[in-house]
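Colleague: Sequence:
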Amino acid sequence: MVRKKTSFERFFSLNWHRKRLGGAKHIQSFADFAAMKMAVVDGDVPVQTRGSSKSLDAHLEDLRREFVGQPELLWHHAKLIVLLRRGVETDKVFAQFESLWEREGAFLAAALNLRWLVSATDTFADHSRDAETATLATLVSLLVNTVKIYETERALAEGGALPLSQAKIERVQDELVPLFSGLSCFTVGTDDTLRNMRWRLDPLMEKGPVGLILKTVFDRLQVEDTAYARLKAHHRRERTGWWSE
Numbered sequence: 001m002v003r004k005k006t007s008f009e010r011f012f013s014l015n016w017h018r019k020r021l022g023g024a025k026h027i028q029s030f031a032d033f034a035a036m037k038m039a040v041v042d043g044d045v046p047v048q049t050r051g052s053s054k055s056l057d058a059h060l061e062d063l064r065r066e067f068v069g070q071p072e073l074l075w076h077h078a079k080l081i082v083l084l085r086r087g088v089e090t091d092k093v094f095a096q097f098e099s100l101w102e103r104e105g106a107f108l109a110a111a112l113n114l115r116w117l118v119s120a121t122d123t124f125a126d127h128s129r130d131a132e133t134a135t136l137a138t139l140v141s142l143l144v145n146t147v148k149i150y151e152t153e154r155a156l157a158e159g160g161a162l163p164l165s166q167a168k169i170e171r172v173q174d175e176l177v178p179l180f181s182g183l184s185c186f187t188v189g190t191d192d193t194l195r196n197m198r199w200r201l202d203p204l205m206e207k208g209p210v211g212l213i214l215k216t217v218f219d220r221l222q223v224e225d226t227a228y229a230r231l232k233a234h235h236r237r238e239r240t241g242w243w244s245e
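Following this note's numbering, the numbering of the sequence shown begins with 1 at its first residue and continues without gaps.
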């Protein structure tokens, strides 16, 4: 695995400075969040970005198109993340990012998609000086990226995704079906493992903006086409359910 460059090494990287060029002009000294929630990003149709231009101005303009038809506050949130990732006045910009989440966390959690919720937690993990916040933020990224790994494998598999076998579901009710390294299959339909995990997560979900993101992300994973939702569809024991009502 390639080692992450240190701040000292990045300072002497021409490419690093090129990617930050002109960043200061994109920092707003005051942001009217109420107005930004009402205003809509103009444009024809939204286009999700893939990759990023070395020019900060070009990258931000490309990114703006992703939020066409959505509240400007979501675009402002994305812009703060980009500025932080490119190392533009990080202390000042992260203070604005934290303030945005403290004041408008409920709006952001409801309006942002999973991609940008995870980008938000990555940002907290990278820049928060509170160890608990950074650790909790990393947990959210770990959760979503783990789901993304196996869903990518499933989406790219030959022959497409296969439904669960009813015969195999019945088998795990009566016997242990090994996976690897001492792990075994869930007892689909009755297993209490995910409910117990959820009980451990509940207190963490109350810890500020990152806790709110964790709850939002976890809830969304129960309704999107994920293994959580697919197991939920087969779950029949009410007292061991792990999802929010």
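What the hints contain is simulated information worked out from the structure, not anything from laboratory work.
Cβ atoms here follow ideal geometry from the backbone N, Cα and C, with glycine treated the same way.
Warning: the hint list may mix true and false statements.
Stated by the list, open to error - Under the rule of at most 20 Å between Cα atoms (straight-line distance), these lysine to any residue pairs were calculated in the SDA-like manner:
{"no.": "1", "residue 1": "LYS215", "residue 2": "MET197"}
{"no.": "2", "residue 1": "LYS215", "residue 2": "THR187"}
{"no.": "3", "residue 1": "LYS79", "residue 2": "ARG154"}
{"no.": "4", "residue 1": "LYS79", "residue 2": "THR146"}
{"no.": "5", "residue 1": "LYS232", "residue 2": "LYS207"}
{"no.": "6", "residue 1": "LYS168", "residue 2": "LEU156"}
{"no.": "7", "residue 1": "LYS148", "residue 2": "LYS79"}
{"no.": "8", "residue 1": "LYS215", "residue 2": "ALA161"}
{"no.": "9", "residue 1": "LYS168", "residue 2": "LEU179"}
{"no.": "10", "residue 1": "LYS37", "residue 2": "GLN96"}
{"no.": "11", "residue 1": "LYS79", "residue 2": "MET38"}
{"no.": "12", "residue 1": "LYS79", "residue 2": "MET36"}
{"no.": "13", "residue 1": "LYS232", "residue 2": "ARG154"}
{"no.": "14", "residue 1": "LYS148", "residue 2": "ALA131"}
{"no.": "15", "residue 1": "LYS207", "residue 2": "SER128"}
{"no.": "16", "residue 1": "LYS232", "residue 2": "LEU162"}
{"no.": "17", "residue 1": "LYS79", "residue 2": "GLN48"}
{"no.": "18", "residue 1": "LYS79", "residue 2": "ARG103"}
What the hints assert, rightly or not - Per label pair, the in silico range of CB-to-CB distance:
{"no.": "19", "residue 1": "GLN173", "residue 2": "ARG65", "range": "46 to 52 Å"}
{"no.": "20", "residue 1": "ALA106", "residue 2": "GLU61", "range": "27 to 33 Å"}
{"no.": "21", "residue 1": "LYS148", "residue 2": "PRO46", "range": "19 to 25 Å"}
Colleague: Now tell me, hint by hint, if it's right for this structure.
Modeller: Outcome of the hint check:
| no. | hint | in the structure |
| --- | --- | --- |
| 1 | LYS215 to MET197 | holds (13 Å) |
| 2 | LYS215 to THR187 | violated (25 Å) |
| 3 | LYS79 to ARG154 | violated (32 Å) |
| 4 | LYS79 to THR146 | violated (26 Å) |
| 5 | LYS232 to LYS207 | violated (26 Å) |
| 6 | LYS168 to LEU156 | violated (23 Å) |
| 7 | LYS148 to LYS79 | violated (24 Å) |
| 8 | LYS215 to ALA161 | violated (28 Å) |
| 9 | LYS168 to LEU179 | holds (14 Å) |
| 10 | LYS37 to GLN96 | holds (16 Å) |
| 11 | LYS79 to MET38 | holds (18 Å) |
| 12 | LYS79 to MET36 | holds (13 Å) |
| 13 | LYS232 to ARG154 | holds (18 Å) |
| 14 | LYS148 to ALA131 | violated (26 Å) |
| 15 | LYS207 to SER128 | holds (14 Å) |
| 16 | LYS232 to LEU162 | holds (16 Å) |
| 17 | LYS79 to GLN48 | holds (15 Å) |
| 18 | LYS79 to ARG103 | holds (17 Å) |
| 19 | GLN173 to ARG65: 46 to 52 Å | holds (50 Å) |
| 20 | ALA106 to GLU61: 27 to 33 Å | holds (29 Å) |
| 21 | LYS148 to PRO46: 19 to 25 Å | holds (21 Å) |
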